[in-house]
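K.L.:
Keeping their order, the protein sequence lines are chains Y, B, P and S. If you're matching positions, the first sequence starts at 1 in the working numbering and goes up one per residue. If you're matching positions, the second sequence starts at 1 in the working numbering and goes up one per residue. If you're matching positions, the third sequence starts at 1 in the working numbering and goes up one per residue. If you're matching positions, the fourth sequence starts at 1 in the working numbering and goes up one per residue.
I should point out that these hints are in silico values taken from the structure, not numbers from a laboratory. Possibly wrong hints are sitting among the right ones.
Stated by the list, open to error - A few chain Y residues that face chain B, going by a derived Cβ cut-off under 7 angstroms, partial list only:
1) L22
2) Y163
3) L395
Claimed, not checked - Each computed SDA-like pair below joins lysine to any residue, with the alpha-carbon atoms no more than 25 angstroms apart:
4) B/K238 / S/R146
5) B/K339 / B/A380
6) S/K238 / Y/T306
Every residue, glycine too, gets a C-beta built ideally from N, C-alpha and C.
These are the residues of each chain, in order.
4 protein chains.
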Amino acid sequence: MSAFFGDIAPIQYEGPDSDNPLAFRHYNPDEVVMGKRMEDHLRFAVCYWHNFAWEGGDPFGGRTFDRPWFGGTMEDARLKADVAFDMFRILGAPYYCFHDVDMRPEGDSFAQSTRNLEAMVDLFAQKQAETGRKLLWGTANMFSDRRWMSGAATNPDPHVFAYAAATVKTCMDATLKLGGENYVLWGGREGYETLLNTDLSQELDHMGRFLNMVVEYKHKIGFEGMILIEPKPQEPSKHQYDYDVATVYGFLKRYGLEDEVRVNIEQGHAILAGHSFEHEIALANALGIFGSIDMNRNDYQSGWDTDQFPNNVPEVALAYYEILRGGGFTTGGTNFDAKLRRQSLDPEDLLIAHIGGMDVCARGLKAAAAMLEDGKLEDARRARYAGWDGEQGLLDTSLDAIFERVVSEGIDPQPRSGRQEALENIVNRYV
Amino acid sequence: MSAFFGDIAPIQYEGPDSDNPLAFRHYNPDEVVMGKRMEDHLRFAVCYWHNFAWEGGDPFGGRTFDRPWFGGTMEDARLKADVAFDMFRILGAPYYCFHDVDMRPEGDSFAQSTRNLEAMVDLFAQKQAETGRKLLWGTANMFSDRRWMSGAATNPDPHVFAYAAATVKTCMDATLKLGGENYVLWGGREGYETLLNTDLSQELDHMGRFLNMVVEYKHKIGFEGMILIEPKPQEPSKHQYDYDVATVYGFLKRYGLEDEVRVNIEQGHAILAGHSFEHEIALANALGIFGSIDMNRNDYQSGWDTDQFPNNVPEVALAYYEILRGGGFTTGGTNFDAKLRRQSLDPEDLLIAHIGGMDVCARGLKAAAAMLEDGKLEDARRARYAGWDGEQGLLDTSLDAIFERVVSEGIDPQPRSGRQEALENIVNRYV
Amino acid sequence: MSAFFGDIAPIQYEGPDSDNPLAFRHYNPDEVVMGKRMEDHLRFAVCYWHNFAWEGGDPFGGRTFDRPWFGGTMEDARLKADVAFDMFRILGAPYYCFHDVDMRPEGDSFAQSTRNLEAMVDLFAQKQAETGRKLLWGTANMFSDRRWMSGAATNPDPHVFAYAAATVKTCMDATLKLGGENYVLWGGREGYETLLNTDLSQELDHMGRFLNMVVEYKHKIGFEGMILIEPKPQEPSKHQYDYDVATVYGFLKRYGLEDEVRVNIEQGHAILAGHSFEHEIALANALGIFGSIDMNRNDYQSGWDTDQFPNNVPEVALAYYEILRGGGFTTGGTNFDAKLRRQSLDPEDLLIAHIGGMDVCARGLKAAAAMLEDGKLEDARRARYAGWDGEQGLLDTSLDAIFERVVSEGIDPQPRSGRQEALENIVNRYV
Amino acid sequence: MSAFFGDIAPIQYEGPDSDNPLAFRHYNPDEVVMGKRMEDHLRFAVCYWHNFAWEGGDPFGGRTFDRPWFGGTMEDARLKADVAFDMFRILGAPYYCFHDVDMRPEGDSFAQSTRNLEAMVDLFAQKQAETGRKLLWGTANMFSDRRWMSGAATNPDPHVFAYAAATVKTCMDATLKLGGENYVLWGGREGYETLLNTDLSQELDHMGRFLNMVVEYKHKIGFEGMILIEPKPQEPSKHQYDYDVATVYGFLKRYGLEDEVRVNIEQGHAILAGHSFEHEIALANALGIFGSIDMNRNDYQSGWDTDQFPNNVPEVALAYYEILRGGGFTTGGTNFDAKLRRQSLDPEDLLIAHIGGMDVCARGLKAAAAMLEDGKLEDARRARYAGWDGEQGLLDTSLDAIFERVVSEGIDPQPRSGRQEALENIVNRYV
């Protein structure tokens with residue numbers, strides 16, 4: 001155990017009336033919701049990057065956090081790992097997620113970086129064994145270093161494509177070794193800053209081929225986790241190819257990958273794309289590609305990726321409602337891709353932020369389950385479409401045949417109330 | 001000839017120095033650009049709805065325009081047609097576009113509305129023959145009447161689905177009879193206002209089946225034009241299924257229609273979806289589904305569909321640049337889906353707005369052609385990707401093989417300038 | 001009593017566990033919160049326009065509602081009033097608000113319209129006396145008729161300015177007669193569509209003079225209510241002069257009105273201006289111009305004024321928190337400037353929407369009161385600024401004197417955690 | 001001369017037909033426009049921060065630029081200054097602008113940082129004398145260092161307020177010594193991240209007092225330049241107090257500073273606040289507080305401050321049109337607060353970006369001047385308001401007197417066309 005968090009004991013569930021800032025008021029891992037333990041529903045993961053690698057910078061200012069492991073040596077990396085696993089333990093989060101560059105120092109060469117990674121993977125494996133923590137997913141950071149400035153798989157320079165392929169190979173190996181349940185690709189710079197210097201068609205083809213190689217390699221090494229793409233519409237790029245769930249679906253269909261790859265949906269990215277979080281989840285379910293979620297919240301008015309901790313129960317409840325309607329997580333889970341505000345300097349802030357987020361998710365899950373069990377929303381939805389029960393034939397005929405029927409029967413449909421406010425009131429009984 | 005426009009003579013090209021507000025300064029139909037007449041490049045169409053059916057209302061106010069044909073009788077419809085063909089003639093626009101409800105009064109029944117439509121189609125056919133004007137595309141308005149309030153093909157009521165199918169049948173018949181070169185579907189209310197009452201999966205399937213019926217009917221009647229979908233992300237609905245080009249592509253792939261249906265891209269809709277107009281065109285070209293454009297402009301800061309006349313030459317030039325790079329229009333064209341500001345009350349305003357728009361498009365086209373002929377932009381683009389010429393093998397191998405190569409060769413790619421500002425300066429030589 | 005709502009009885013408080021859609025679960029008028037009855041805190045008002053005058057149209061479709069009073073005669077107006085007061089009674093809302101054009105038919109002349117208004121005011125006065133309902137505020141609709149298309153007080157045509165002045169006079173008279181507690185001005189078209197035809201300076205001066213005349217007339221007739229301006233940044237205009245609270249404050253200062261006029265803040269308008277609702281309230285309190293609120297919600301992603309019923313308790317709680325911190329309403333109240341979705345066709349939907357909204361506000365108020373009474377948030381805020389207690393002298397000196405002190409004392413301030421997540425968690429204990 | 005730019009000679013005007021990327025095609029300093037040299041109209045300044053201090057980072061990646069002066073020593077600072085003055089000379093820009101931290105290394109203490117600044121100011125003064133370059137304005141960076149994370153003048157810690165006051169004192173001294181024509185305050189972190197920990201009222205008062213101290217110190221030291229505030233609505237903060245021109249005006253009025261302080265308006269900040277650039281300029285002129293501009297462009301769809309070089313002539317022309325209508329710059333000028341895209345790595349890119357920007361401004365200025373000289377726009381504007389010539393009495397009476405007149409004269413104003421499209425077409429003759 002490191003000294004970073006002092007003597008803070010593991011966070012306990014104390015119930016809604018507790019005013020202990022270091023207690024759960026709603027997240028009670030063993031509580032059963034719809035026949036499953038809450039922990040098994042939510043499958044919380046803590047992310048390595050925002051908590052341990054991010055220094056508090058923003059576009060107008062540099063590091064605000066003062067962490068003892070910011071030095072960049074292997075020793076720093078090990079201290080960071082100690083603190084991280086301390087935090088996983090204190091929070092009782094069963095999973096974590098990482099990028100290669102979060103956990104290992106950059107080496108002088110690709111080979112050296114790989115060796116650093118392998119050494120850290122060994123350490124992580126040992127810590128997992130000691131603590132019972134698990135890896136929800138691994139991924140490669142192919143956007144921070146200047147070599148990626150013009151993209152990774154979509155870079156105009158084939159050597160960058162190669163470097164990206166080699167990097168993903170090492171990260172998939174690491175994920176396999178750590179028993180990760182998924183492998184995620186976020187195309188941070190797969191997109192463009194200006195169309196003027198971009199060959200859209202060629203870049204899309206390269207990205208399609210790259211992803212096929214990822215799937216081929218997964219099978220080759222026997223990785224049984226799911227491959228996930230994380231959509232985002234823009235930032236850092238002006239346009240990112242994995243814009244949203246619908247765009248990723250079209251991409252997967254184009255390159256024959258719709259049965260192999262699913263999506264990791266982030267609340268903030270959904271909002272930046274002009275969608276609600278629940279829309280993206282519902283659409284992924286409808287298209288058969290729902291995988292996992294990055295839980296956070298985005299300021300609706302800020303226009304950039306704010307990655308705040310979730311704090312709005314009604315919104316979170318609607319997200320879990322769509323997840324539960326779709327059958328819940330299989331390999332996926334709830335990863336907090338959320339970061340402290342850069343003014344929240346204290347170690348305790350890291351814990352408090354996650355405690356708040358976990359409680360909000362627990363409330364959201366319980367509200368979603370209660371709405372499903374109540375059944376009023378689903379009854380109303382089914383009733384609205386009930387007319388189709390006797391009219392499936394309309395889907396199996398032709399425009400002119402339908403035309404004849406409309407004329408001969410004098411069909412003149414009359415609108416019925418959509419009852420949106422009544423349904424919203426039902427939701428508000430539970431959130 | 002009607003009296004509406006008084007004695008205004010057909011608009012002539014007078015060159016850039018003219019200060020006659022009723023003359024073209026840049027649009028010169030017979031001028032040859034890249035080996036083709038400007039008129040044949042641009043294929044201008046005037047829309048029936050904004051010019052002749054819209055009354056000047058907005059969400060906070062009603063009719064501002066005072067047009068003699070606003071009465072709603074067949075006589076009004078014929079007067080409207082007289083004025084419309086007058087305007088086509090004065091402007092020298094070769095094409096027009098229509099919805100059924102723009103051209104015919106609503107009847108007491110579907111059958112009566114259809115008879116009204118047929119009568120007007122006969123009149124339009126006669127006017128086309130007399131004036132040489134042509135139909136770029138026809139479409140059905142399935143969003144204004146209250147029967148469509150919850151969607152057309154995606155309505156929870158199967159009778160509305162039937163009414164929609166019958167309506168499209170009549171509009172496709174009308175389009176065929178008038179020699180239309182395309183048939184467009186804009187799903188104004190194919191989407192949802194709230195997910196709470198929506199069965200996303202069922203609605204998408206119905207929409208897929210509906211579109212397949214459209215394609216089947218097209219072949220049955222021998223319509224040789226193109227079927228086009230017009231993407232829009234939202235408004236009037238909270239979410240519209242045909243969100244943007246990428247979304248429509250995924251939809252077409254899902255329902256096996258990618259070889260039968262293309263897109264009609266609107267500048268304003270592109271912007272509402274978070275894209276530049278040229279992005280949407282370039283993407284449609286990359287995906288093989290580019291069809292036609294609705295030319296207008298959207299206030300970037302208004303958040304709703306402003307449908308203004310284009311007036312920014314640099315933006316329009318980039319749009320035509322992508323169109324020309326893709327080979328130019330085939331069945332498509334430049335339809336002005338643009339409306340007067342509601343304070344622009346005078347008949348002359350209708351002409352002036354189109355003259356301005358046509359001149360802006362002509363400037364944009366000429367600039368685009370000059371940039372292509374100059375070749376500097378395409379040279380720079382090719383040079384940026386030139387490294388791939390000898391590295392196609394990277395696309396035909398595996399992650400681990402590439403990994404071996406990166407390690408053994410010590411590949412360490414160095415970034416090169418993307419030269420965005422230099423390329424923007426080249427564009428500014430022409431716009 | 002009209003037949004419109006059938007035999008629905010007045011809505012009763014049944015407590016949180018009720019699943020009766022026609023009962024309050026949280027709004028309990030006589031319940032005491034922070035020493036005051038809930039009804040006296042919230043001061044709910046039902047608006048006349050959205051509920052009784054709006055027909056369900058949007059930019060892409062016309063009337064969806066089917067109301068028996070949509071005919072436009074005085075008889076229709078009286079039926080509408082019967083239904084309205086029925087609804088006020090059923091909901092138990094103590095207040096209502098109106099525009100002139102909501103309550104009276106347009107006449108053939110200004111004089112006739114005024115007589116229609118006066119007749120309806122007499123009827124309303126009688127209904128108020130019979131039912132105990134009161135007028136929170138009156139206002140003039142100076143944006144719907146085409147005469148206002150280019151503004152009212154800021155119209156380039158002085159006759160429109162005159163018409164506006166005369167109209168406001170009649171509406172202030174009506175408000176006085178009905179015992180209104182405020183008079184509101186929303187400058188729906190006080191702004192511009194294009195700067196190119198606008199004399200910004202002259203229009204601002206006219207608007208300033210107009211508002212001074214309003215204040216002068218208020219004193220002349222002995223109206224003791226408050227004059228309120230309702231900020232909105234845009235829509236219907238491209239730019240509206242009363243953009244937000246800060247802009248209105250500057251305007252009031254410029255024209256010497258900061259002690260005479262306050263603001264009526266709408267949630268949706270705040271959001272369209274890029275602000276949170278609580279920001280606008282807090283700022284108005286800081287500037288001494290807080291008056292009243294228009295409660296609704298705006299879809300953050302729609303970009304236009306959606307005027308939905310509030311349904312997010314955490315957001316509403318933060319708004320009431322700022323209202324309570326500022327001392328609560330004096331002449332102001334909570335007016336539901338919210339409308340049904342246009343697919344919500346049934347009379348019952350009108351009630352259900354308001355019941356939901358009133359419950360959400362009640363929850364928000366109770367949460368806000370609990371947070372204030374708990375005191376943790378205010379304690380933390382005070383503690384954050386506590387350093388100033390001994391340093392007020394810094395505000396009463398000069399840059400060079402401070403410079404000397406910084407150098408001589410070697411002042412080197414160290415950042416302290418802003419604890420945002422901890423504070424958000426505290427809020428989440430109550431919402 | 002440094003070696004950074006190699007042997008690039010000063011940029012010359014070669015006229016519109018030149019295809020030399022290192023020549024001006026439109027900016028011709030000595031060309032006379034409306035009776036004044038173009039250089040004297042535009043008063044171009046090159047900024048120190050983006051060009052010489054920014055390393056190419058964004059929220060998802062670090063340094064991309066490779067500059068020999070990035071080390072942080074005084075020697076680096078001097079090399080940077082050599083390159084900067086080289087660039088000013090090559091571009092022929094008469095002015096530059098700086099923050100303290102751009103030009104000097106951070107010291108171990110405030111006193112040391114001040115000495116570093118003074119040393120660099122001496123060097124800059126010498127370089128100004130040698131090269132004839134001048135300082136348009138100086139400013140203090142009070143947002144990058146972690147000490148400013150919670151604000152400068154509005155910090156809850158009085159020692160930060162003191163540090164800010166001392167810092168501004170040194171920067172005003174530096175600006176005076178270098179003959180700066182203005183001193184600018186941009187409140188990068190004057191605002192809040194969350195209202196929950198913010199005392200809005202106290203922070204505004206502190207900011208008001210701080211600005212008064214700035215004005216007092218200006219007079220004390222005999223600085224004859226203008227004090228300017230630069231509005232920005234958000235980023236890095238969630239909300240910034242100097243939101244836009246209208247907000248700053250209200251602030252100045254509140255603290256009695258409207259005759260002492262003006263605004264430096266940035267295109268990108270205007271857009272982030274929901275305004276066009278020309279709106280902010282026109283409003284500042286109407287309110288009497290126009291000072292200077294930061295020229296750049298913001299991607300309308302990116303939602304954050306993109307600080308790109310201007311490249312849209314029609315937009316730039318409308319900005320200069322409002323500047324010329326207001327009489328042109330006095331102490332202000334055109335500062336390029338624009339930065340290379342982070343992929344534009346080469347020294348030449350710095351020059352090319354500025355050449356493009358300067359040419360775009362020159363075209364904008366010439367177009368604006370031509371529109372003013374043509375007079376059609378101003379004639380139309382005057383004609384639109386001409387009715388007021390005989391109706392000034394309406395502004396000098398009362399609501400009830402006007403009411404009597406409307407009734408007795410039967411005033412019934414009829415709308416007239418606003419002719420927006422016709423005016424836009426006139427603009428398009430010149431851009």
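K.L.:
Determine for every hint whether it applies to the structure shown.
P.N.:
Against the structure, the hints come out as follows:
no. : hint            : result
1   : L22             : violated, 36 angstroms
2   : Y163            : holds, 6 angstroms
3   : L395            : holds, 5 angstroms
4   : B/K238 / S/R146 : violated, 42 angstroms
5   : B/K339 / B/A380 : violated, 39 angstroms
6   : S/K238 / Y/T306 : holds, 10 angstroms
Hints 1, 4 and 5, counting from the list given before, are not met by this structure.
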